[in-house]
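2 protein chains.
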Amino acid sequence: MIREYDKLFKYFGIKPFKDVLPELRKVAEPHHLMRRGIIFGHRDFEKVIDALKTGKKFAILTGLMPSGRMHFGHKMVIDQVIYYQGLGAEIFIAIADIEAYAVRKISREDVINYAVNEYVANYLALGLKRERLHIYFQSNYAKEYYRLLQMFSRKVTMAELRDIYGEDVGPGKIMSVLTQMADILHPQLKHFGGFDVVLVPVGPDQDPHLRLSRDVADRYASELGLKRPASTYHRFMTGLLGGKMSSSKPESYIALTDDPDVAVAKLMKALTGGRPTAAEQRRLGGEPEKCPVYEMLSYHLITDDRELEKVYTRCRSGEMLCGQCKREAAERLRKFLEEHQRRLERARNIVDKVVDIPDF
Amino acid sequence: MIREYDKLFKYFGIKPFKDVLPELRKVAEPHHLMRRGIIFGHRDFEKVIDALKTGKKFAILTGLMPSGRMHFGHKMVIDQVIYYQGLGAEIFIAIADIEAYAVRKISREDVINYAVNEYVANYLALGLKRERLHIYFQSNYAKEYYRLLQMFSRKVTMAELRDIYGEDVGPGKIMSVLTQMADILHPQLKHFGGFDVVLVPVGPDQDPHLRLSRDVADRYASELGLKRPASTYHRFMTGLLGGKMSSSKPESYIALTDDPDVAVAKLMKALTGGRPTAAEQRRLGGEPEKCPVYEMLSYHLITDDRELEKVYTRCRSGEMLCGQCKREAAERLRKFLEEHQRRLERARNIVDKVVDIPDF
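Sequence lines, in order, name chains E and A.
If you count the first sequence from 1, position 111 lands on 97 in our numbering, and the numbers rise without skipping.
If you count the second sequence from 1, position 54 lands on 40 in our numbering, and the numbers rise without skipping.
Take the hints with a grain of salt, since some may be wrong.
Where chains are identical, the list cannot tell them apart; a pair therefore holds if satisfied intra-copy or between any two copies.
Unchecked claim - Below, a list of computed lysine-lysine pairs in the DSS-like style, where the Cα atoms sit at most 25 Å apart: (1) K213 with K91; (2) K159 with K129; (3) K91 with K159; (4) K312 with K230.
Please keep in mind that the hints were generated in silico from the structure rather than gathered at the bench.
Just chain E, same shape as in the assembly (with noise of 0.2 Å):
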């Protein structure tokens, strides 16, 4: 995996995470993400920091995909755009409701009440502010939006548009990448704010449509006056039982929405970083580097870094065992969710004020 991670900074000009944060550190207490490598890549995250050392507006934009339930997987974004929400930024959200019903063909009524009732109600619960925020679905947004997106048709080729997505790329698609060019960019014009600034955290698999963003941003750049977005690499979580996180599969990953009652049997039924005997575990320690467990708990359970690092040395030492550690981390588990769950219901009473419902 971190093997994997590493051809992005050799072939694509992704840099090191860890490199910039002794300057963060000057301006802003870093996330846990990224004191824990989570955050693992950036480009230009220079002029994030620079932002944030001047006092110059910046804006960060991500995007959601409306096809199903919303995990911990997902939450990793969000917990990055609350952060930065909270340092002065400016959020932009896309709804990527577009590619939701055109790419994935899920039908719009489907693709709303995702988009509402999973996401933009569970971000709020987890602490999104309605301050300095745009929540809007790709299909119910501004024309100066819709004007860039079909701008963008004439400067992207189809050559290119099979190089990233594979030879069989129809209108659907089409569509969906021009669109996500127009989420990418669209903060930069004085319609939106004008941010020069504008970052957009990412798991690496979306790497490409940033690659591809960058390079409309400089066929663009005398014309709209178009700049290159800064963007933050995360890690992705291993699925519960190993493998990938996927929607899919419920039992590889735990929702937000889950019972905490079916979270805690999920969480004590995941794969660990354990050793086959309890003897040998005692003898060699275990292996949290390895184990879904420990994601949980560094990714979203424990935010302390000491409380997490005891965690670290009693599984390494062979002190805990994973029964002991799983206990724990679903205690915490399902104290998180029963709070989250709380909040949750009095987002979904505020959430048609966040976000502009399309009709149909």
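Chain E is already provided as a structure; the job is to place chain A on it using the hints.
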């Protein structure tokens, strides 16, 4: 030429317009372009007649390509639009600025300038009223329209686009086509008035778009309640020197903003349906059916049928030779342009009240 149009009847299901003239006459005096067979074909025009009979609301959709000057060849469409506006139709006019920019690669500045100062201003000077009128830039309209064009990307395939537009169809063309489908079908949406009956008057070269839009309507019939648009087909004007009227050959057309002296000079140099010698013409008569000057008269300069018939008879009988005919036509042309250009000056002052001009 006429044989070319016959194919449309034979293979594509377009019906002769003359067949609906008697029914139309029961509710409205047909336009001179209809009476003279210049509008020669239709699909579903019965729906329009039915709307006129029952007082049901109906809409006209037309587009303009802001890639150069407006000439008499373009005037034919807006003459029809003005006719239908007089009969109570709601008028939608799409400025195809996205196609001009993304496919024809004209700068935004030129596109906007052509649209406003050539087309829209001339439309108003020709008599288009501001009531029940929606003139919009494709890049500067309502989100429900953009949602439509985004959604259409799901059910249109590369294969059919290649069939219609050629193998090298790219993102710009695809965006233009989807946008055009939204142009044709959006007046049916509740947001835009919910017009069940929408008529699109076009030249026969536009029929592939109409056929695609009818297919697209079928594909979204249950999801969005879309219905097939009706359409009419008019003959193209011949260029003044024979062949096509072409924007890239100023001597082939008379622009509505041509100086009357320049316009008259172009007309005086025009090809005619005359015979090689005056003697021959006196004996055999001229051939108005082949004459660009007679076209100018019958399409534009003489609306009274009896007056036009006099010209026809004097030509056909050999009584009037081309020189005389041209001098009379030139006088009509000069009078038309002088009056039109006076109205145009006033129109230019209100053009920004009629169309919302995009700021980039």
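Right, here's what the structure says about each hint:
1. In this assembly of identical chains, K213 and K91 lie within 25 Å of each other by CA distance solely across copies; the values are 22 Å between and 33 Å within a copy.
2. In this homomeric assembly, K159 and K129 come within 25 Å of each other (Cα to Cα) both inside a single copy, at 21 Å, and across copies, at 20 Å.
3. For the identical chains of this complex, K91 and K159 are neighbours both inside a copy (11 Å) and across copies (23 Å), given an alpha-carbon limit of 25 Å.
4. In this homomeric assembly, K312 and K230 come within 25 Å of each other (Cα to Cα) only inside a single copy, at 20 Å, whereas the closest approach across copies is 80 Å.
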